[in-house]
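A.B. asks: If you read the protein sequences in the order shown, they are chains F and X. Start counting at 1 in the first sequence, then tack on 391, and there's your number in this note's numbering. Start counting at 1 in the second sequence, then tack on 391, and there's your number in this note's numbering.
Don't read these hints as lab results, they were simulated from the structure. Quick caveat, the model's predicted, so the values are computed rather than measured. Some clues are possibly wrong.
Unchecked claim - Straight-line C-alpha distance at most 20 angstroms; calculated EDC-like pairs for lysine to aspartate or glutamate:
| # | chain 1 | residue 1 | chain 2 | residue 2 |
| --- | --- | --- | --- | --- |
| 1 | X | Lys469 | X | Asp532 |
| 2 | F | Lys522 | F | Glu482 |
| 3 | X | Lys507 | F | Glu433 |
| 4 | F | Lys423 | X | Asp532 |
| 5 | F | Lys469 | X | Glu422 |
| 6 | F | Lys539 | X | Asp495 |
| 7 | F | Lys539 | F | Glu427 |
| 8 | X | Lys546 | F | Asp495 |
| 9 | F | Lys507 | X | Asp542 |
| 10 | F | Lys546 | X | Glu500 |
2 protein chains.
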Amino acid sequence: MTKSNHIITRKALESDLEGVYQLIHELAVYEKQPSEPTNTFEDFTQDFKDAYFEVLIAISEEEIVGIALFHDAYSSWKGRMLYLDDFVIKENQRGNGIGKLLFDAYLVEGQKRKVKQFRWHVLNWNAPAIKFYEKYNCSFDDEWITCKLMDNNLK
Amino acid sequence: MTKSNHIITRKALESDLEGVYQLIHELAVYEKQPSEPTNTFEDFTQDFKDAYFEVLIAISEEEIVGIALFHDAYSSWKGRMLYLDDFVIKENQRGNGIGKLLFDAYLVEGQKRKVKQFRWHVLNWNAPAIKFYEKYNCSFDDEWITCKLMDNNLK
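Pulled out of the complex, with its shape left as it was, chain F reads as follows:
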């Protein structure tokens, strides 16, 4: 648990999931894809209990103001990784250093597990996010196309 200017970061518990789920939907609206999240709250809760993902949260005045949702992943070329699937700071709380606090907590989590690489994706038009990530020593690779196949599109 890390505290900074009344912001606390810690691992999410089951009782935090409602606030986490709300922020996930807030990001989808920001990313102009409000109808993309189809994951129900019931499945989300069960999958959390089954440890398919973990969440770090930032709390200000007892409210969840940021989330970093991640899971173990693997690269045959590099070895063990952490994959950051979702990273959201509540819109009215941006610019207060909460993103850095939360992203650093994600990196610490990976260091504890001795992962070789951290990986995530960013929308190519999301300039503020790209600017944020540029502060880290990461590479930006637009040569790889993401392929997605939904279960209900299987032939």
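Use these hints to put chain X onto chain F, whose structure you have.
C.D. replies: Chain X in isolation, oriented as in the chain F frame:
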């Protein structure tokens, strides 16, 4: 285990890992990034034992001629996923339907687990691979940039 024209597909065992590791390096050469794989065989073996990833293999005349390396993953928007990290058919065995056999086995694996989405990446210049994937009902999304941060580049 599925058999077709003397090709067998099945889950890899620890004793198969050497052949799997060789094919991973073969793909890196094909993708013009021969020095990118830094994962040692020792770590690769240990991570397999620790279940960080699984592998489906295709076997022809007792030789491993194709691999599909994948792991559980998660999308906050969609739910449970399988992520295909590496998919290789031995160069002299391409065009014989082994790719379809192996990819279909990967899809069956996800259906067993009731995942909502299958995800993977393809290099934007790899026309034969893109053509192969186009036969499936998947989307190709080049709006997301892949960000990678290696542990030894942490500040």
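A.B. asks: Now tell me, hint by hint, if it's right for this structure.
C.D. replies: Outcome of the hint check:
1. Proximity of Lys469/X to Asp532/X is assessed by CA-CA distance (about 16 angstroms); at most 20 angstroms being required, the pair is judged to hold.
2. For the hint linking Lys522/F to Glu482/F, the alpha-carbon distance of about 17 angstroms falls within 20 angstroms, and the restraint holds.
3. Restraint check: the Cα-Cα separation between Lys507/X and Glu433/F comes to about 14 angstroms, which is no more than 20 angstroms; the hinted pair holds.
4. Only pairs whose Cα atoms come within 20 angstroms are accepted, and Lys423/F paired with Asp532/X is accepted, the gap being roughly 15 angstroms.
5. Restraint check for Lys469/F and Glu422/X: the C-alpha separation of about 15 angstroms stays at or below 20 angstroms, so the hint holds.
6. Of the supplied pair hints, the one linking Lys539/F and Asp495/X holds, its CA atoms being roughly 15 angstroms apart against a limit of 20 angstroms.
7. The hinted pair formed by Lys539/F and Glu427/F meets the criterion: a straight-line CA distance of about 13 angstroms does not exceed 20 angstroms.
8. In summary, the hint linking Lys546/X to Asp495/F is supported, as the alpha carbons are separated by about 10 angstroms, within the 20 angstroms threshold.
9. Between the alpha carbons of Lys507/F and Asp542/X the distance comes to roughly 5 angstroms, so the proposed pair stays at or under 20 angstroms and holds.
10. Pair hint Lys546/F plus Glu500/X holds up; C-alpha atoms about 15 angstroms apart against a cutoff of 20 angstroms.
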